[in-house]
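Listed below, chain by chain, are the residues.
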Amino acid sequence: MEAARQQRGRTHRRSLIRGLVAFGLMLGCAVPAAAEKLVASLSAPRVEISSNFAGAEISVFGVIDRDAQTIARRGGYQVVVTIAGPADEVVVRQRRRVAGIWISGTSQRFTDVPSFYSVQSSDALDEIAPSILARQLRLGLLYVGHGGPARGSLGIREPFREALVELKREQGLYVEQEGAVTFLSPNFFRTTASFPAAVPDGLYTVQVYLFADQAYLSSTSLDLVVAKSGFEQSMYVFAQDDSLLYGLAVVIIAVFTGWLGGVVFRRD
Amino acid sequence: MEIYLPIAELPVNVFTVFAMGAAVGFISGLFGVGGGFLLTPLLIFSGIPHPVAVATVTPQIVASSASGALSYWRKRLIDVKLAGFLFAAGAVGAAAGAWLFAILERLGQLDLVISISYTIFLGSIGTLMLTEAVGAILRARKARKAGRTIPTGRRSGHHNWIHKLPLKVRFRQSRLYISVIPVIVIGGTIGFMGTLLGIGGGFIMVPALIYLLRVPTNIVIGTSLLQILGTMAVATVLHATNTKTVDIVLALILMVGGVIGAQFGASFGLKLRGEHLRALLGLLVLAVGIRFLVNLTLTPDHLYTMTIISGG
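Each protein sequence line maps, in turn, to chains F and S. Residue 1 is where the first sequence starts when you use our numbering, and the numbers rise one by one after that. Residue 1001 is where the second sequence starts when you use our numbering, and the numbers rise one by one after that.
Keep in mind that the hints were calculated from the coordinates and are not lab data. Wrong hints could be hidden among the right ones.
[As the list claims (entries may be wrong)] Calculated from the model, a selection of chain F residues having no Cβ within reach of chain S, i.e. all distances over 12 Å: (1) Ser41; (2) Thr111; (3) Gly155; (4) Ser234.
[Said to hold, decoys possible] If you want the footprint, here are the derived chain F segments under chain S, 3+ residues with CB under 8 Å: (5) 63-71; (6) 117-131; (7) 181-194.
Computed from a predicted structure; not experimentally measured. Note that beta-carbon positions come from the ideal geometry of N, C-alpha and C, so glycine has one too.
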């Protein structure tokens, strides 16, 4: 369990890879006249998990910058905003019934599974981009959880992947909202993503993609930090780094509480 | 009022958790048991992850047994030497339990093993307690009808095969001269089960000491409490260093609730007859066991489970 929280800095590397993919797409796809520049910002760069944390909302704002040479887009602009949490390695197990009891049966391992993934778009995803592009950019929950050693054929693995997405979705950690991104003016958009109370901490990557007429124009990425603060953070670090001392401290507190209770409520 | 748990990494309602601690504290005061066997399942059924539930109940047991051990200490009703032997064996058992706990968590079978163990363990202990207590109630009723009192103290002079084992040691306070083998077996087993399942084991230790080792009844509870205090303190440290799933905030709320609840339970318990108390406790233990069995056999909401094994 504790291992899951370590090494979340690796998201950096993934966002780099994703940036390269985006760059490659910009070179490779037929978007010669992409003169739009995308500028985006977050309502807050940090989500603080404090003792009364019960979830949070972060808004993403963006402006599409056009210069004099920019050609008119007949169909207007479409925007997709993805927010990905630190990647985890996840094991999905299928339960089966043996002698009337449900036990864990076969399993599949998935690597590079985002602990949180939200995909918000201004329109239906399949109308914004062709599926090959959507797959490359990982736009949509359909494209999450394809990493890791395949055990058996794709057909065997797919139900496990779907179950993974479904479980994450129920925990509010995976979200796909078409139409969530709203345009306040033709060039100014906004969306609000909500994080559940059980959101994992770490470095998140917010990626904003701009499309017009089924073509990918531009993208920009922002960092978002989700971190425990104050007491929660110090306790967590204490438990992780000085676990022996932490354990002894818990025992001392327990003995003291018990002693105090015995003294306060002394009956003999 | 919601409060975020730093180790479990999820928010809980303070009053709900406090009420759970108090309710279990009440029951533990009522029956003179630690109540871990109730608290751990309660936490699990309320959505706290298995590893956090088991590991966090251990310091709660430390607090409640410290409270009880203190009052027996003042009355000099503890056999320190016997508790020491039980504790030494218990610490070894706890280490083995923590080791198996970490392996099972890695394999993803911890939930299953905990559920099955609770079903078998609580099911059989509960049945035994209930039969014994109902038998005692019936005997008492028959005796009352016949107009005579039944002798208390069960065949205390009778020796069984356990008393023929070698490696004998003298325990002065308990006025016993017995082999250390059963002492080590009892202490070790309870330390092992306690660490693995998040239970103190008082409800097994007390009858085992009385019926198997023939420790005097007035010495038993204090001695058992001292041994549980020691073993669970070791288990807390082991859980903190191995799986790092001891949640201090959750533990503290449970402790405060438990200590308060225990006081009310203890005074209420004085109004009930011994065999009625034992019958109720047996019913309770059995009910928790059945609850786990139902959980195991009922078709789950999801046919798949998900475990995060590492970051990156």
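**Message:** Using a Cβ cutoff of 8 Å, are there at least 3 residues of the segment 63-71 of chain F near chain S, or does the coverage claim fail?
**Reply:** violated (count 0)
**Request:** Could you check that no beta carbon of chain S comes within 12 Å of the beta carbon of Ser41 (chain F)?
**Result:** Holds, since 28 Å exceeds 12 Å.
**Request:** With a C-beta cutoff of 8 Å, work out whether three or more residues of the segment 117-131 of chain F approach chain S closely enough for the coverage to hold.
**Result:** This one is violated; 0 residues, fewer than the three required, reach chain S with a Cβ under 8 Å.
**Request:** Test the statement that Gly155 (chain F) is away from the interface with chain S: the closest C-beta pair must be farther apart than 12 Å.
**Result:** holds (16 Å)
**Item:** Within 8 Å of chain S's CB atoms, at least three CB atoms from the segment 181-194 of chain F: coverage verdict
**Value:** Violated - the segment 181-194 of chain F has 0 residues with a Cβ nearer than 8 Å to chain S, which falls short of three.
**Asked** Going by Cβ atoms, does Thr111 (chain F) stay more than 12 Å from chain S at every point?
**Response** violated (8 Å)
**Asked** Per the stated criterion, does the least C-beta distance between Ser234 (chain F) and chain S lie above 12 Å, as a non-interface residue requires?
**Response** violated (8 Å)
Figure legend: structure checked against the earlier numbered hints; hints not met, in rising order: 2, 4, 5, 6 and 7.
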